[in-house]
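Visitor: Residue numbers (our numbering), protein chains in the order written: chain Y, 1 to 250; chain L, 1 to 259.
Simulated from the structure, these hints should not be mistaken for laboratory data.
Covered by chain L, per the in silico footprint, the following chain Y stretches (three or more residues, Cβ under 8 Å): (1) 84 to 94; (2) 100 to 106.
EDC-like mimics (lysine to aspartate or glutamate), calculated; alpha carbons at most 16 Å apart, straight line: (3) Y:K90 - L:D256; (4) L:K172 - Y:E100; (5) L:K172 - L:E154; (6) Y:K90 - Y:D118; (7) Y:K90 - Y:E132; (8) L:K172 - L:E157.
Just so it is clear, CB atoms sit at the ideal spot from N, CA and C, and this is done for glycine as well.
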Amino acid sequence: MINLDRVSRTFQTRTGDLAALRDIDLRIDEHQFVAVIGRSGCGKSTLLRLIAGLLTPTAGTITIDGTPVLRPRREVALMHQRPALLPWRKALGNVMLPVEILGWSRAAHRARAAELLDSVGLAGFHERHPHELSGGMRQRVALCRALIQQPRILLMDEPFSALDALTREELATQLQAIHMAQSVTTVFVTHSIQEAVLLADRVVVLSPRPGRVRQVLEVDIPRPRSFGHNAHLADVARCVAELHDLLLRE
Amino acid sequence: MTPARARSARWHPLGLPILGAVSAIALWWSATAVFGIRPFFLPAPPDIVAAFRAQPAYLLREAGATLTETTVGFGIAVLAGLLLSVALTVWRTLERATLPVLVALNSVPKVAVAPLLVVWLGFGPRPKIVLVVLICFFPIVVATMAGLTSTPAELGELSRSLSASVWQTYLKIRLPWALPQVFVGLKVAISLAVIGAVVAEISNPSGGLGAVIVLSGMSLDTPLAFAAIVLLALLSTALFYLVVALERLLVPWARDITG
Numbered sequence: 001m002i003n004l005d006r007v008s009r010t011f012q013t014r015t016g017d018l019a020a021l022r023d024i025d026l027r028i029d030e031h032q033f034v035a036v037i038g039r040s041g042c043g044k045s046t047l048l049r050l051i052a053g054l055l056t057p058t059a060g061t062i063t064i065d066g067t068p069v070l071r072p073r074r075e076v077a078l079m080h081q082r083p084a085l086l087p088w089r090k091a092l093g094n095v096m097l098p099v100e101i102l103g104w105s106r107a108a109h110r111a112r113a114a115e116l117l118d119s120v121g122l123a124g125f126h127e128r129h130p131h132e133l134s135g136g137m138r139q140r141v142a143l144c145r146a147l148i149q150q151p152r153i154l155l156m157d158e159p160f161s162a163l164d165a166l167t168r169e170e171l172a173t174q175l176q177a178i179h180m181a182q183s184v185t186t187v188f189v190t191h192s193i194q195e196a197v198l199l200a201d202r203v204v205v206l207s208p209r210p211g212r213v214r215q216v217l218e219v220d221i222p223r224p225r226s227f228g229h230n231a232h233l234a235d236v237a238r239c240v241a242e243l244h245d246l247l248l249r250e
Numbered sequence: 001m002t003p004a005r006a007r008s009a010r011w012h013p014l015g016l017p018i019l020g021a022v023s024a025i026a027l028w029w030s031a032t033a034v035f036g037i038r039p040f041f042l043p044a045p046p047d048i049v050a051a052f053r054a055q056p057a058y059l060l061r062e063a064g065a066t067l068t069e070t071t072v073g074f075g076i077a078v079l080a081g082l083l084l085s086v087a088l089t090v091w092r093t094l095e096r097a098t099l100p101v102l103v104a105l106n107s108v109p110k111v112a113v114a115p116l117l118v119v120w121l122g123f124g125p126r127p128k129i130v131l132v133v134l135i136c137f138f139p140i141v142v143a144t145m146a147g148l149t150s151t152p153a154e155l156g157e158l159s160r161s162l163s164a165s166v167w168q169t170y171l172k173i174r175l176p177w178a179l180p181q182v183f184v185g186l187k188v189a190i191s192l193a194v195i196g197a198v199v200a201e202i203s204n205p206s207g208g209l210g211a212v213i214v215l216s217g218m219s220l221d222t223p224l225a226f227a228a229i230v231l232l233a234l235l236s237t238a239l240f241y242l243v244v245a246l247e248r249l250l251v252p253w254a255r256d257i258t259g
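Please put together the full structure from these sequences, using the hints given.
Guide: Quick look at the structure:
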């Protein structure tokens with residue numbers, strides 16, 4: 001579905017050219033959940049913005065279903081580390097923002113927006129303003145805002161990294177449930193090994209600057225996975241250890 | 001709750017300001033009485049009330065003239081300032097070309113322009129309105145541009161990834177996001193607007209409270225000048241709190257997010 005062919009991206013800075021990504025080859029199949037993991041500054045976010053069409057590669061090509069990505073597309077949704085909700089809109093109104101921008105019928109999508117909020121445990125919080133919600137709740141609203149446009153591809157840039165550990169686990173588990181139900185193709189940037197192993201079908205390990213694909217690890221642990229005691233604890237531990245070695249090598 | 005807050009919580013919110021104003025007037029009044037200051041030098045509060053009651057219709061009409069110049073000029077400045085700020089943030093090349101010119105123009109003292117405006121625009125209310133526009137335009141533009149450029153990067157990416165039009169981005173995200181800062185500019189501008197109107201009236205005393213002050217000064221009618229000054233202060237204060245009320249109405253969320 002998503003295909004990256006020898007993609008490089010360089011940024012011009014005052015101190016000269018900075019290579020963020022070099023020769024990335026990557027294939028992401030439909031319905032797959034791919035985690036991209038690497039140290040800070042290895043170009044993870046750049047990779048996401050390239051797929052989103054917000055940046056263009058300096059070399060190589062990115063295609064979605066065979067057509068090159070030259071600009072943002074409506075079937076691709078983006079979610080950030082900070083929820084970036086509109087403070088003057090209530091939770092439901094924030095979820096409806098993409099509907100309004102896309103010029104879809106509000107009446108037709110209102111029920112779905114409410115359903116989405118209910119599905120992430122925000123029933124009863126539809127009419128609350130962002131400042132009345134906790135950090136985890138705001139990020140859930142942001143997730144619903146990304147899902148309302150019914151994306152075929154969901155791009156997530158460290159969406160849980162600003163949250164406390166327990167809320168992170170809770171949200172990751174919820175995201176897993178949503179992915180199992182809807183199986184939207186997802187690219188999930190993180191630097192949490194735990195999150196990557198819980199969520200991903202494949203984990204792409206990037207090397208530090210310039211980012212290259214160091215290894216792609218298949219995670220074939222059956223779902224639903226969990227952080228707690230379960231039948232596959234040994235598999236989880238093996239994956240975590242392997243990623244740990246890959247990331248901390250050199 | 002700290003002891004200080006507990007103490008002030010017992011007062012009505014208007015209690016302390018009123019107490020302050022009443023004591024200031026009492027101090028002033030007793031000073032004129034104790035030192036025997038003559039009214040043409042510093043009139044006591046009753047002299048000022050008497051001056052107002054001698055010709056209330058005249059004073060209110062002139063106050064009305066000042067109010068009209070101020071609000072019309074302020075309204076034009078708000079409209080033009082908002083439009084220009086949006087234009088400057090949409091076309092950054094335009095910004096680079098015009099902002100230095102604007103800064104240079106703004107550094108010209110507006111008081112110095114007042115007589116020229118009379119030469120160009122005649123003796124009616126027009127030069128006065130133009131001076132009001134000139135004096136409050138810049139703070140509105142500076143504040144609005146600061147607000148429009150403070151949109152979080154995430155929201156910029158969100159609207160780009162949804163292929164939102166410039167119109168949608170400004171209407172749904174950037175302008176509302178800028179409103180708290182716009183109001184900072186409006187609060188500075190409304191106080192300057194009254195000053196601009198009075199400066200114009202003083203250099204061109206054909207009407208308004210500024211003209212009353214000039215004319216009463218010539219005839220040494222200090223109580224009348226003070227009556228005009230008091231009316232100006234009331235007018236300016238009322239306009240300022242009108243802007244504050246409008247801010248509470250339009251941007252109730254600004255106080256929520258700043259805590």
